[in-house]
Every structure is written in structure tokens, then in C-alpha cells.
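Keeping the supplied structure of chain A fixed, place chain B upon it in accordance with the hints.
There are 2 protein chains.
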Amino acid sequence: MTGETERFPVLRITEGRRTNIEDVIAKEFSLAITLNDRDLVTLLCSPANLEYLAVGFLSSEGLIRGKGEIKNIILDEERGVIRMETEEDRDFAGRLITSSGGRGTAYYSAVDAQSQIKVKTEISADEVFALVEDFQHRSPIYRATGGVHSAALCNKDGILVFSEDIGRHNAIDKIFGECLLKDISTAERIVITSGRVSSEILLKVAKRSIPIIISISAPTDLAVRLATDLKVTLIGFVRGRRMNVYTEGWRVVAESP
Amino acid sequence: MTGETERFPVLRITEGRRTNIEDVIAKEFSLAITLNDRDLVTLLCSPANLEYLAVGFLSSEGLIRGKGEIKNIILDEERGVIRMETEEDRDFAGRLITSSGGRGTAYYSAVDAQSQIKVKTEISADEVFALVEDFQHRSPIYRATGGVHSAALCNKDGILVFSEDIGRHNAIDKIFGECLLKDISTAERIVITSGRVSSEILLKVAKRSIPIIISISAPTDLAVRLATDLKVTLIGFVRGRRMNVYTEGWRVVAESP
Numbered sequence: 003m004t005g006e007t008e009r010f011p012v013l014r015i016t017e018g019r020r021t022n023i024e025d026v027i028a029k030e031f032s033l034a035i036t037l038n039d040r041d042l043v044t045l046l047c048s049p050a051n052l053e054y055l056a057v058g059f060l061s062s063e064g065l066i067r068g069k070g071e072i073k074n075i076i077l078d079e080e081r082g083v084i085r086m087e088t089e090e091d092r093d094f095a096g097r098l099i100t101s102s103g104g105r106g107t108a109y110y111s112a113v114d115a116q117s118q119i120k121v122k123t124e125i126s127a128d129e130v131f132a133l134v135e136d137f138q139h140r141s142p143i144y145r146a147t148g149g150v151h152s153a154a155l156c157n158k159d160g161i162l163v164f165s166e167d168i169g170r171h172n173a174i175d176k177i178f179g180e181c182l183l184k185d186i187s188t189a190e191r192i193v194i195t196s197g198r199v200s201s202e203i204l205l206k207v208a209k210r211s212i213p214i215i216i217s218i219s220a221p222t223d224l225a226v227r228l229a230t231d232l233k234v235t236l237i238g239f240v241r242g243r244r245m246n247v248y249t250e251g252w253r254v255v256a257e258s259p
Numbered sequence: 003m004t005g006e007t008e009r010f011p012v013l014r015i016t017e018g019r020r021t022n023i024e025d026v027i028a029k030e031f032s033l034a035i036t037l038n039d040r041d042l043v044t045l046l047c048s049p050a051n052l053e054y055l056a057v058g059f060l061s062s063e064g065l066i067r068g069k070g071e072i073k074n075i076i077l078d079e080e081r082g083v084i085r086m087e088t089e090e091d092r093d094f095a096g097r098l099i100t101s102s103g104g105r106g107t108a109y110y111s112a113v114d115a116q117s118q119i120k121v122k123t124e125i126s127a128d129e130v131f132a133l134v135e136d137f138q139h140r141s142p143i144y145r146a147t148g149g150v151h152s153a154a155l156c157n158k159d160g161i162l163v164f165s166e167d168i169g170r171h172n173a174i175d176k177i178f179g180e181c182l183l184k185d186i187s188t189a190e191r192i193v194i195t196s197g198r199v200s201s202e203i204l205l206k207v208a209k210r211s212i213p214i215i216i217s218i219s220a221p222t223d224l225a226v227r228l229a230t231d232l233k234v235t236l237i238g239f240v241r242g243r244r245m246n247v248y249t250e251g252w253r254v255v256a257e258s259p
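Going line by line, the protein sequences match chains A and B. Each residue of the first sequence is one higher than the one before, starting from 3 at the first, in the working numbering. Each residue of the second sequence is one higher than the one before, starting from 3 at the first, in the working numbering.
This is chain A alone, in the form it adopts within the complex (with noise of 0.2 Å):
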């Protein structure tokens, strides 16, 4: 953990007292992926895992199916580039550029019989709730700094694969990334997001056959509609001893399955 965060001195300021402090601040790191010897992208994140977040974001973005079509990683973590090999190369849309003009469509292509998700995985409330006690008692750099986001694959009985990140995007990606090269299957299986779901990492999730999704934040309307559409349970504002259920409730049953 101490290579994810610094200390720094600080002037905390409180009712009419100034007190120089020493407080914990998550690192930022510069990590420029690149692809076949092309320049793919430069993600702002927490410095760990970093193999793990350049194979998640190519998984992500569909640039690689499997572990298999990876055939070199090459991290130089001083410079801050992590040059990538694989078999295929695909074409890299960019997540933030565009080529299409209409609106929505590329959040909606994804969207049809086949990639509805129709298994019958279900959970149940006190499932949820154990899970997100323990996902939230996971997070050291969060309790340290109240800067990162956090992110974990779990089965009904706990946790899986546990990351945290600068970037929401990035936590996710690390866990798909580990999942892949460590072979861990992600199908009906369940995620649990610090961040807000918007309709991007409802995307992503989805795409690994997930079924069920859990927020400790809220999701956006598109989100919504496209777990309505794919049939995935999408569970938010997870706090306490209660939660919002917006899409297929029924997985969530009263009592252990």
C-alpha cells in the first residue's frame, strides 16, 4: 500500500485553530499503454497493478478476447510506459473519441438477444449486505486517503478480487485484468462498485456475463435501461441496512438460496 500513497504536510484548519499535520494523499500515475508498437492511450491512475489495469482496459475495449492472444507484457514502471504485444490487432475506437455522430448508438449496439443475461444467480439481501460490509472494510488506501475508488468480484459468499483506484474505470479494469490472466472465470458472478454506474461501466460489466451489479453510489438513467435491456441486476445506494433495487429484482430473494 505505501507505494499507492505519500505524505504530505498539511494546514488543517479547524473552528479558529491552524495545526500543521502530516496526511496520507493517494498517488497519481501517468501510464501510457501502447499496443504493437502504436500509441493506444494514457490512463491516469494508482500505481499498482499496473499489468493488470493495461490487460483489463484492452479486455475492456475488445482489443484482446483472451489470455492467449497476449503474447508479451513489458512494464517499465520508471517511465511510465507498459508496451503491449498481441497476436490480432484490432481497431481502437477510444473511449472518449468517436468516429459516430448519433447519439447514444454505441452504448446501444451492444444491446440484443444474445448478450441478455439470462441466468438465474440470485442473492440474498443479507448476502448484499455482508458483502458490501466486507467490501468496504477492504478499502486501506480509501480509509487512509478518501481518494480512491474500489472495486471487487465476488461470489455469494465473499470476495474474490479486491482493487483500488484513482479512477472508477481503472478499479474495474484491474479486476478483469487479473481475472484474465490468472484464469479466474468472471461469468454469474458479482461485482461491487465504489462509483457511480453509469452506462459505460454498466457496459463493461455486463459484457463478462455478469448478472448481478452492486453500487454503493447511484447509477444514471442509461444505466438503468441498459440493465433493463440486458436483464442485469443493478443494485445501488447500498448503505447500512438498506438498498435500492432498480432493475431484475428477483434475484434478490428474502432469504439464502
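Where hints are given, some of them may not hold.
Said to hold, decoys possible - Here are some of the chain B residues that sit facing chain A, going by a computed Cβ distance under 7 Å:
hint, residue
1, R14
2, V26
3, A28
4, K29
5, I119
6, T123
7, E124
8, A127
9, E129
10, S201
11, M245
12, N246
It should be emphasised that the hints constitute simulated quantities derived from the structure, not laboratory data. Beta carbons are placed, not taken as given, at the ideal position from N, Cα and C, and that holds for glycine.
Just chain B now, with coordinates in the frame of chain A:
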């Protein structure tokens, strides 16, 4: 505000109870910006003040320097496209995709002696607390949905321009776009943001000659370093009657100056 939110049926689960309620959710809108007939970027944003967003984005990216350079703004809300025409065609490096493989070069290139902020603007701790209290009460969409960020341009006496958006960057760009279109000066003023302050946010604000940035949330280490180099006063974690001053604490004085 109605246009930026929508009501959805939600299953609320609390300890042993399931209730079908309606909840208000923040809308997410996909806005494609074209610049002089070239596709520039697609932003996921809240569907309000889209002209301010487009102008603020272009200005933050250095693609326009002033209002006089804008020849035309045509918003097609139905299709989610805004067409901007400008006098000059500047290069767009992209916020996400950069041609540089070096670490952090993009972020530090802006730092030189000329860009240091030397104004003597001071603010009292009480004025900071009062501004933040006002800021937090101005946020109707956040109060309704818990799912948006807000930003404000202020002077010591109060809020001059306020905006909300599902994106941290968008909320700030909307403010700067409004300032540019309405000839509101940003120099020697104060920015408040609900979101984390990363290097990108710090640079975006410092470029406007703003000497004081206040965040409800945490900064990253790069933002603190940049604030040190640029002599910007960076305040974080303003909660109730407490704040952390990370840099240039001399601007926060005990008594109202």
C-alpha cells in the same frame, strides 16, 4: 431540473422489508462535439447547458482562446450533436489519447515561471466555510439523486456561477464555458468542486489564473505537486467547520481580509 432527472420504479429493500417506490435518477446524455466538421469527442454528460459544456471543453483543451474565435454553435439536441465552428483550427491531442510515451510530460509541460499564480487574493477560513455551505445547498440534482458532481466559480462574497453534471470534468467545463460566453472573468476568483482534484482538474483550473481551488473531496499527490509549482492554494476535505490546506496556506487568513 426536470430535464436532468427522471423517475424510475425502484425496489427498496431494508431490514426485512421490500417496498416498491419511485426514485429520481440523474440522466446521462451522449453529446458528440464536432469542430469545423471533424468529429472531436463524445462526452457522457447531464443534458443541460450543452453549449456551455462544448465551449468549456474546447477552451480547456486549448482549442479556443476566446469568445471571438467562435463563429457558430449549432446544437442538435435530438441527435445529441453539437457543431462548433471556429476561426482557427488548432491541433487536438485528446484528453485520453496522447502521442507522448513519457510519464507525466503532458501535465508538467504547463508549469513554467509564467504560469505561476502570484496574485495576493486572500480569503478567511469563515468565508471558505460559508461558500462551501452555500455550495452544498445549491445542488438540487445531487440532493434528488446523489449521482452528480457540482462546481462553482465564486468570489469571497458568494457564488457567481454554479453547475451540476454527472462528470467531474464536465461540471467545471460548463462553468468555464458559461464564463467565456457571458464575458465573466475567472482571474483571481475561486473554484469549488465536489469531486476529487486530480492533476487534470488542477491544471484546468490553474490555466484560468484562479488562485484558490476548494474541494469537498481529496486531492491526488500530482495535484498537490502541481499546486505547489503553480502557487495555487489547494484546499480539500471541507466538511463542517474543518478543512485541509495542502498548498499556499498564506492565502487562508484568520480574519476576513
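Q) Any of the earlier hints contradicted here, and which numbers? A) 2, 5, 6, 7 and 9
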